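A.B. asks: Spelled out from the first residue to the last, the chains are:
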Amino acid sequence: MTPATVTGPGTARVLDALAAVHDPELDEPITALGFVRDCAVSPEGDVDVVLRLPTPQCAPNFAFLMAADARRVVRRLPEVRKVSVRLEDHYTGQEINAALARGDGFAGAFPGETADDDLEALRALFVRKALVGRQSRLCEALLAQGLTAEEVAGLRVAELPDVRDARRCLELRALLGLACTEDAPAFVLPTGEPVAAAELKRWLRMARLVRMSLEVNGGICRSLLKARHGVEIDDPEEGVEI
Amino acid sequence: MYEKDGEKYFVVDGHLHFWDASPENWVTGQEQYAKGWIECFHAYQGLGPAETHWPIEKFQKYTEDDFVRDVFEEGHVDFGIFQSTYLTEWYKDGFNTAAKNAALVEKYPDKLIVNGRFDPREGEAGLRQLEEDAKRYNLKGVKVYTAEWFHGSRGWTLRDPEAQFFLEKCQELGIKNIHAHKGPTIWPLDKDAFDVRDVDYAATNFPELNFIVEHVGLPRIEDFCFMGTQEPNVYAGLAVVIGGLMHARPRFFNKVMGELLFWIGEDKMLFASDYAIWEPKWQVEGFVNWTMPDREEYSDYPAVTTATKKKIMGLNAAKLYGIEVPAEYQLKEAGTPAAKEDAQLVESA
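So the sequence lines, in the order shown, correspond to chains S and H.
Sequential numbering from 30 applies to the first sequence in our numbering.
Sequential numbering from 23 applies to the second sequence in our numbering.
Worth flagging that the hints you see were computed from the coordinates, not collected in a lab.
Bear in mind the structure is a predicted one, so any value in this text is a computation, not a measurement.
It cannot be assumed that every hint is accurate.
[To be verified] Only pairs whose alpha carbons sit at most 25 Å apart, straight line, appear in this in silico BS3-like list of lysine-lysine:
no.: 1; chain 1: H; residue 1: Lys80; chain 2: H; residue 2: Lys122
no.: 2; chain 1: H; residue 1: Lys83; chain 2: S; residue 2: Lys255
no.: 3; chain 1: H; residue 1: Lys80; chain 2: S; residue 2: Lys255
no.: 4; chain 1: H; residue 1: Lys57; chain 2: S; residue 2: Lys255
no.: 5; chain 1: H; residue 1: Lys157; chain 2: H; residue 2: Lys57
no.: 6; chain 1: H; residue 1: Lys26; chain 2: H; residue 2: Lys341
no.: 7; chain 1: H; residue 1: Lys57; chain 2: H; residue 2: Lys30
no.: 8; chain 1: H; residue 1: Lys26; chain 2: H; residue 2: Lys83
no.: 9; chain 1: H; residue 1: Lys341; chain 2: H; residue 2: Lys157
no.: 10; chain 1: H; residue 1: Lys303; chain 2: S; residue 2: Lys255
no.: 11; chain 1: H; residue 1: Lys354; chain 2: H; residue 2: Lys129
no.: 12; chain 1: H; residue 1: Lys30; chain 2: H; residue 2: Lys213
For reference, chain H alone in the conformation it holds in the complex (with noise of 0.2 Å):
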């Protein structure tokens, strides 16, 4: 919870890890993999105020004391939600398996649940690990990483006939939520890996489903904004804009907001922390302290009012996921997320 103003803001923290990428886990002949990926993310955690910088000691493997002071006790978060990533062509035990992310859930159940995962090139196994996952962890949500090494090859697609029977099997088994991000490499490698556009087809196919863009597309903000405005069920996940431009560039920073704002809109923007690439504290912090500058530039962006805050930082993302969210938080004014839904309710009755 972070208050500010007399105003109350219920925290959820979409995108979590709790990674262990020391060299101990790294796979024999893989090391260069294993040391660049971590190594090109503690790079991202420069973007943040230097006084949040990390050793890359720490950064490779960091304690659950760590993780229980930065995320629950400074970072005002009442609620998170693990993105496991797996990885395991690189790392022995995986980078954040859902197995290692849950040993967490299960001691603060309150407070954090564990997305799971999927990969359509592993076919029928694939399948039943999901059935088993989902029963397991009680999964709402995947995370998939469309970039992972397999086998000898390099990536995949949403728009991959196999990827549609997961698609299936998550609708089947209740899993909502499909957190989607994209990575440098896909198959074939002449195709621009960023290219949201299997996100698209997926949605529209699959519209009991909620996708959620990890970095709103980044690099391809742009197709993302135009995919998203079309797609009712296309939400934007916040991780990277905040942590990589909130401090680093405060003008792309109003600039991605803006478009956001404007093209997909306040009810479908979700804050996350990206945690331990950037620490929640400075970000919620930052954010709620943040207005869009009168200028000439920003002027025909939407209004940043405290309604949108509240919404980005945590109401869309527990409406999402069915978290409760005690009376005091929620929205004052007319027109609240529940407000809408319970309109189309009575309207569709």
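Here chain S stands alone, though its shape is the one from the complex (with noise of 0.2 Å):
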């Protein structure tokens, strides 16, 4: 997926940096939700990069975590002198898109009407959330390849097949501080604990509706996208009806 537009040389590497960028609320990666509508670098290394959501009613504090961790990977990168990320049509724009130019975390944004600068409680909920619904997606595949519950349960992370899907999983358990060693279960809640295989099909049942809610909610962001710009996005996850 490329932006609306791209402008100058070496804007490549800066899209595979901002692609490391998901939505924590869909755990898709913002180029691949057409979320990044401009991306330019200056002959010197200046980076200006511009995102657009699907409404400007979509909630500030997601919106800032996307702006401040393109902002962040961004600056990361070498050869890169200033940085510039705004965000374009959003009703609490003008406050985030200041906080970023100063440096600032979420409270220098929204003075007195938070107490988390980094919301961090909210991104770990959504991180959370995601690891259930990545799961669920793995499991299904494996219990559809023919393994019983039993064999699902007692995989260990090194037999996981080589999957974006079980790799964004040791991505997001990492995230958690969760083990992600060789050894380390497969399938696990948000504990940590492993998945039991006598509660697999229980456990299944509710982590397929939260994995349901991240693609549907991802699903109405494209189709607002299209509605609002005429960007037509790739969904991975809808399919083609039969």
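Take each chain as given, in its own frame, and dock them per the hints.
C.D. replies: What follows is the structure, encoded as structure tokens:
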């Protein structure tokens, strides 16, 4: 997915870096969601990124997290000078952009309206949801391949297939401080406890709902971007109606 | 009324608006919010079939003739419920206040009712206003929008101590139906504003009230389902599910309906068009004609029967609001909602 406009050379590595920024609510990269509206790199190495969310009413806390994360990953790149990340067409964009320009946290954007400057609690809540959702997709794929509940519950990290969902599960586990070693259980509760074979079916019923919620929200975001700005983005999860 | 294959469906539209979002009604200095709000709604209309899209000018302010034609004449709606939404910080005369909606109710008293609203941040004055509104409009329900801005505050929750006084007042005034609508802001801003657990809290503390979660808690369907499956007085308002997904994302629509039928059940799901975001006609026809595809991924969802659709289209809402439904629309099978209630009465006697 490329943004609506990309100007100047050197934007590819910036976009690569931005692909690591996930929408915390959807657990998908902001580049795949079409949220990067513009990305420009000057000959001197100044980077200018413009983000545009599906509606001006997207929640301010998630909007801030994406913009702040975008700024952080671009600043880490070598040979980058000034970095500007701006949120466009958002009802709290003024507050958020001013805070970003100052290098402030969330409390700097909304003084007196929050006690959590880095939004860690909110972020952790959605990382847990994302892990549950990803694991359900992985689990269903393995069951569809013919594995039994006992076999799935007995799997170790090292035995997981090398697919995107499995790699993302490990990233999410790392963010939560859960074990990611090769001998760690492959399917875990947000506490790190393994999912028991006897509980797998019940767990999957709930986990599947969490995943559906994330996917549907992603679908609505894509539909709105298309309706508002004519931006067409592939939806990997919706598939084709047969 | 909609008829299909000899079956007659009584249609209650649980979420109607008659709004004025035209530039003349924008509050000076707040234009960007007033404009952003209605443009956001307009984008949602884009998720329906192309032939039902309106130009933004008409969408900002439509006429009474548009309403009557789209809802009653072409939209199959037998009975409609206005959900008043004020947003007076952004719109001079409000977005669609009870007073504006009530003017239409007066003309069509057999087909429309209006729900009021409350905001616990208004304190004593708000309680008095609720009493007045209840009397003036004979309120049976209220819509609460927790993301509304008010004097520098960007939201509230049904768990707030002040909200309990308002729920008590609703109970006292015979306002049985509380429609809860989550939005993007809430105080403090670091919390998940879409979290529906405050509805859980209120539903447990006020078992005699019904809590209809608008848009099934989107974007937190999972939290809503986990809550709704435990609370007998929590209902799913289907606005946005049908309008936003049935046409634009049919596979997701199947899944959301399947999960709602599994966790919440067909007796607690209520049709709503969210007009004028979407016209009811294509939603009513599309839903009655919809079937769950016979595919593995949908195989453990409950069956969707004619009775399921009749309940969701109108019988469930009619029960909550005491709307009289002619016999020809009632379920033919045993175990209708009314029969269930009778059975409970017999058992408890």
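A.B. asks: Now tell me, hint by hint, if it's right for this structure.
C.D. replies: Now the hints, each set against the structure:
no., hint, result
1, Lys80(H) to Lys122(H), "18 Å, holds"
2, Lys83(H) to Lys255(S), "24 Å, holds"
3, Lys80(H) to Lys255(S), "21 Å, holds"
4, Lys57(H) to Lys255(S), "19 Å, holds"
5, Lys157(H) to Lys57(H), "33 Å, violated"
6, Lys26(H) to Lys341(H), "23 Å, holds"
7, Lys57(H) to Lys30(H), "41 Å, violated"
8, Lys26(H) to Lys83(H), "33 Å, violated"
9, Lys341(H) to Lys157(H), "22 Å, holds"
10, Lys303(H) to Lys255(S), "24 Å, holds"
11, Lys354(H) to Lys129(H), "33 Å, violated"
12, Lys30(H) to Lys213(H), "45 Å, violated"
Going through the hint list in order, the structure does not satisfy hints 5, 7, 8, 11, 12.
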